[in-house]
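J.: Mind docking chain B on chain A? Use the hints.
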Amino acid sequence: MKKPFFAVKSSFLILFFIGFSSIFSPILGADEAGHEPEPFNASEVILHHVLDDHQWHIADWLVIPLPVIVYSEEKGLEIFSSSRFYDHHNVVEYNGYKLEHSHIYLADSGKAVFDLSITKNVAMLLINATLLLVVFTSVAKGFTKNKGNAPQGVQSFFEPIILFVRDEIVKPNIEHHYERFLPYMLTLFFFILFGNLLGLLPGAGNLTGNIAVTMTLALITFLITNFNGNKGYWGHILWTPGVPLPLRIVILPVEIIGIFTKPFSLMIRLFVAITAGHIVLLSLICLTFIFGSIYVGFASSLIVLFINLIELLVAGIQAYVFTMFSSMYIGMAVQDHGHDH
Amino acid sequence: MDLLTPGPGLIIWQLFVFVLLVILLGKLAWNPILSSLKEREESIQQALDSAEKAKVEMAALKSDNEKLLREAREERDKILRDAREAANRLHDQAQNDAKKNADKIIEDAKAIIQTEKNAALRDVKAQVAMFSLEIADKLIKNNLKDDKAQKELADTFIKDLKLN
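Quick mapping for you: the protein sequence lines, in order, are chains A and B. Count along the first sequence starting at 1, add 17, and that's the number in the numbering used here. Count along the second sequence starting at 1, add 54, and that's the number in the numbering used here.
One chain only, chain A, in its complex shape:
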């Protein structure tokens, strides 16, 4: 079901990746050549790529400044460009704000401000959301246009995936009232899938590998699960049936902890899978610069290519797993208990 999807995307992404490696090497090469030879710090480079930032650093000659939106009690709401913090390569203070390790503080008191900036990941988030809207409204248009006919174009590409989510993930796990949760599940699946794939593009932000993003997604699943929890679900947690009374005292805290470990595992799993993938890819690329050898570069590029293909697989698997576990948790909360055990 997913094969053609990956086949198309992967060839697409390999092209991008070749571009990526070719962009990457001159930057670092120029860096070393231009400045005083400073030791190459691989972990800094990697973390810089994995973490969020106030500007979009694609290459040294291509830095996109992003809007900074800050709120503090002292100065109120202020919006300005992140380029104000940078004077060539030096970080400077601007208008009473200072930027330290990607955190914005008031320059005089050193107090942290509330940062609502369009950071790299927020920009990625907006791109992802726009892409999802464009793609799926056109898919929906295909459905209304080809009513009663065979699917066409982008519609026939996404239809099997939508059906897969509906019939293989949501329906078997939620069962009775699955249709109520389908819009959320489909959005979740495609948001993560698109986010993962976009994150693999050269220069892209690590959106779905950011713990704030995975936390928010897990939180939404948590809220849906517990607000839809029926009598059976809460009964199971608070007064587990079929268990002797003294054991219930032991089970109760375990069950209550369980409510929270479920979304926690969702949050951690996606974050780790995507971030670890990025770290592996970047580490392999950094090997080239650590050894400073073209042969190592060639070998690591080959391995990176291979890992990138695995990452494409992981992108799909993580989207599937997150959606499946979300459906399972919600399914457990809304199912009719009492007959299946």
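Keep in mind that the hints were calculated from the coordinates and are not lab data.
One-sided and incomplete, this derived list gives chain A residues near chain B with beta-carbon spacing under 10 Å:
#1 L150
#2 K158
#3 I179
#4 L199
Keep in mind it's a predicted model, so treat the numbers as computed, not measured. All residues carry an ideal CB built from backbone N, CA and C; glycine is no exception.
T.: Structure of chain B alone, referenced to chain A:
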């Protein structure tokens, strides 16, 4: 914005954008997509069902036809059998009647013949008696034509009388 500490700004953006995305995609994409998928599935199911129904109807029609044909055949056989029986019966009856008639005619003829025969016999007897009387008359007349013969006869009578 460190690796393991979620940035509050991003959380708010993510929450806002994602919830908006669920609402927008739900309205603009998932609703029409899912409903037309469902519609298509239903129409396929309907087509399959109606094909199945048509098949069952065809089979019923065929068995009906066969039943009708069988009944018609039976009916035909029955009619033929009845006709044959009726013909046989008529034939037998006609034969019987004819025989009876013939017998009656023969009987009548026999009876008439018998009566005719008896009448004829009676006539013959009377005639014979007449002839006999005439012959006897002639004979007697012939035998007693002279006196001598008459006397002889008288004598014989007397003789007979004397003897008695």
